[in-house]
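Novice: First to last, the sequence lines map onto chains A and B.
Just so we're aligned, residue 37 is where the first sequence starts under our numbering, counting upward by one.
Just so we're aligned, residue 547 is where the second sequence starts under our numbering, counting upward by one.
Just so you know, the hints here were simulated from the structure itself, not pulled from any lab data.
A portion of the hints provided could be inaccurate.
[To be verified] In silico lysine-lysine, BS3-like type, Cα no more than 25 Å apart, as pairs:
(1) B:Lys654 to B:Lys731
(2) A:Lys56 to B:Lys771
(3) A:Lys56 to B:Lys559
(4) A:Lys160 to B:Lys559
(5) B:Lys652 to B:Lys731
(6) B:Lys652 to A:Lys56
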Amino acid sequence: MVTDEVRLSVEPQIRVQTSKRRLYIAENWPLYAMLLPGMLLLFLFRYLPAYGILVAFERFNPALGVLKSQWVGWDNFVHLVRLPEFWQITYNTFFIAIVKVITLQFCAIVFALSLNEVGSHTFKRSIQTIVYLPHFLSWVVLGGLMLDLLGNTGLVNILLRATGNAPIIFLGSNDWFRPTLVLTYLWQEVGWAAIIYLAALTSIDPTLYEAAAIDGASPWQRIRYITLPGILTTIILIAILSLGNVVDAGFDQVLNLYNPSVYRTGDILDTFVYRAGIQSAQFGLATAVGLFKSVARLVLVAIGYWLASKYSDFQIF
Amino acid sequence: MVEDKSLGWRTFKLFNYLLLAAVGLACIVPLLHFLAVSFSDRSAAMGGLVTLWPVRFTTASYQQVLNTGLFFQTFFNSVVRVVLGTVLQMAITILTAYPLARAARKFKGRNIFMWLLLIGLFTDWGLIPWWLTVRQLGLYNSMWGLVIPPALAPFSVIILMNFFRDIPSELDDAASVDGASHWTKLFQIYIPLSTPALATLTLFAVVFHWNQWFDGMVLINDISKQPLQTFLRTIVIGLDASNLSIDPASAQMYSDRAIRAASIFLSIVPVLLIYPFLQRYFVTGIRLGSVKE
């Protein structure tokens, strides 16, 4: 009798423990299986390329590969730092990127505010349709468009000549290249960038507007005291998140619009890496520049996300 | 809203309409101009006589471009690329988003996988390491090199994951009670309920793959295997030292402005075609990707 009782009290516990684990695996193995292809791709294309960093420390010979090429330590970096072009392109990158971010957000906000005030639904929809389109076109297409429009015989210069002005070499002169970059970038992205602000504007309590109207507020007062504060958190969030992008001055755009005569003001880190690495096979140098850019980006993104989680409710999880 | 008819408000409204109209015009005029050039007679186009309407209307430029073997070939390559790339990307996105949408306490290791994804999202080792890796994996000079690397799109995964998480857990629990496996849940509950998000992500993937030009340029040597945008670049931006040059006869043809305009417009036709559908979905898409509390 005693042994029977003991057996009965011990067996169920052990059975529950082993079957809990088995049950978990039996039920949830598909989750791991589903993640497999994605994680494999993640590894292959986001983690594995890390070994390519080594090229920055070698005199890379494609025939020998990464593991067998001659190791030169920091030589590539020393050479890089001594190149005046390196400082020029770093300055260009940050300068162009910062100007782009600031002007884009400013124009997007103005555009969103403007659109928000419009009563006519059809007008609103048609403007939005038109304005979002350039965002979906590649910079090959836009580049072709701009090279044509802004060229010496392009529409813009024809207009300038017709109004008695001198033609401007938008894409060929160092004075005009950066402004042209920024303006064409704005042309492409203003509509799209405004979407976030438009969404934020819809979350402002309409009774606030009514109260303002009753109090006889002017349009400017309404914007200043209700609208802008209402989207302030969005503005701050976007500004902070844009921090990491300051190393990306727009490779697609620049590569398709630039030419050697504007390298001084228009060459950026990415275009330099492309020319040095893929075109001139100076792999060590190109990888060193790329590494510099990645580290700078990481630092900026980290700062950005830290700021975002501290000053606004931003969570990824 | 109480409408104030005072002068201040009326000026404001007028200014608004003018500003928006100006922006709209600025966006559309360049495209209209180019469209007009593409339908114009060659010499009129070259001579700068075309403004917003075709001069001596002709479809000759379009015919010539469509008759070019390479244009057709690369167009076809891009279509194949879009189909393969989008299918692959959406499959991976769905398969990766579903497990990550599970609660961490129900799915052991979920947070680890999530961190791996996030770190993968932010790490960028540079052009040369990426290029070397893709080549080492044997993906050089092949369509797969264009289609496989972008197949895992972390942003899409995160957006879909958040969408999945918004689906009421009661549905999931009820399905569990009925003995549904994860596969069943995924295909019979989560996917059908996510059609807006899936449609948006699919359209984004389509546009992404259609517009890609750089990977075709550095990963494919054989011009007949390149996607359209890469080939188009050779035409409209000019020959690059790293590209294969096209034969002199073609180069001559492409120096013609009307031909270039026609090439560009033909290359954006697919985007224009799906644009209405894009418009319907993408505002939802942005809100999907935005911060959720």
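Novice: It remains to establish, for every hint, whether it holds in the given structure.
Specialist: Right, here's what the structure says about each hint:
1. The suggested pairing of lysine 654 (chain B) with lysine 731 (chain B) holds, with an alpha-carbon distance near 19 Å, which does not exceed 25 Å.
2. Simply put, lysine 56 (chain A) and lysine 771 (chain B) have alpha-carbon atoms about 54 Å apart, too far for the 25 Å limit, and the pair is violated.
3. With a CA separation close to 67 Å, the supplied pair lysine 56 (chain A) and lysine 559 (chain B) exceeds the 25 Å bound.
4. Simply put, lysine 160 (chain A) and lysine 559 (chain B) have alpha-carbon atoms about 13 Å apart, close enough for the 25 Å limit, and the pair holds.
5. With a CA separation close to 15 Å, the supplied pair lysine 652 (chain B) and lysine 731 (chain B) stays within the 25 Å bound.
6. Taken as a hint, the lysine 652 (chain B) and lysine 56 (chain A) pair is honoured in the structure, with Cα atoms around 13 Å apart against an allowance of 25 Å.
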